[in-house]
Amino acid sequence: MQALDPRWYGGEMSRHQAEAALTEANKDGAFVVRDSSKGRAEHPYTLMVLKEAKVYNIKIRKQGDLFFLGNGLHNKKSFPGVREMITHHAHTPLLLIDAKDRSSRRSAPCAASCTPSHHNENCTKG
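Numbering-wise (the UniProt record's numbering), the sequence shown opens with residue 1 and increments by one.
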């Protein structure tokens, strides 16, 4: 496993903990990467992003030595690591799709990392 930045990597934090931290941040583009609750090699992480008071959960998939966002239907861009993926999306908006109503919207670039241990210093940066 690659070393991930503790400013945005929440490790084994639960989905509920991550949602609470993002909701408290209340800033579009706030995000956290956490270990997938499924613990599968092909889906090692989940990217959680706040947009318009809604938290989106996006799979981070791994195929061979490359990482991809989502289920592969809308995003085919690959990255050599999660760090590179986050760096890319700090400047490039994400396509966020609501799994319940299938609506989509573009996010602002990932603006601020948000992990409980770094909440005060990172969730308010823009």
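These aren't lab readings, by the way, just hints derived from the structure by calculation. Be aware that a few hints might be false.
To be verified - In silico lysine-lysine, DSBU-like type, Cα no more than 35 angstroms apart, as pairs:
1) K51 to K62
2) K38 to K76
3) K27 to K54
4) K76 to K59
5) K62 to K38
6) K77 to K54
7) K76 to K51
8) K62 to K76
9) K76 to K27
10) K38 to K27
11) K59 to K27
12) K27 to K77
13) K62 to K27
14) K76 to K54
15) K77 to K59
16) K38 to K51
17) K54 to K38
18) K38 to K59
19) K62 to K77
20) K77 to K38
21) K51 to K77
22) K51 to K27
Here's how the hints hold up against the structure:
1. K51 to K62: holds (25 angstroms)
2. K38 to K76: holds (22 angstroms)
3. K27 to K54: holds (10 angstroms)
4. K76 to K59: Between K76 and K59 the Cα gap is close to 13 angstroms, so the pair holds against 35 angstroms.
5. K62 to K38: Holds. K62 to K38 sits at ~14 angstroms (cutoff 35 angstroms).
6. K77 to K54: holds (24 angstroms)
7. K76 to K51: holds (22 angstroms)
8. K62 to K76: holds (12 angstroms)
9. K76 to K27: Given pair K76, K27 holds - Cα atoms ~27 angstroms apart, limit 35 angstroms.
10. K38 to K27: holds (28 angstroms)
11. K59 to K27: holds (21 angstroms)
12. K27 to K77: This hinted pair holds, its Cα atoms lying about 26 angstroms apart.
13. K62 to K27: Cα-Cα ~28 angstroms, so holds.
14. K76 to K54: With Cα atoms ~24 angstroms apart, K76 and K54 stay inside 35 angstroms; holds.
15. K77 to K59: Satisfied, since the Cα-Cα distance of roughly 14 angstroms is no more than 35 angstroms.
16. K38 to K51: Holds: K38 and K51 sit about 24 angstroms apart, inside 35 angstroms.
17. K54 to K38: holds (22 angstroms)
18. K38 to K59: Holds, at roughly 11 angstroms.
19. K62 to K77: Measuring from Cα to Cα gives roughly 12 angstroms; hence the hint holds.
20. K77 to K38: Distance of about 23 angstroms is within 35 angstroms: holds.
21. K51 to K77: holds (22 angstroms)
22. K51 to K27: holds (8 angstroms)
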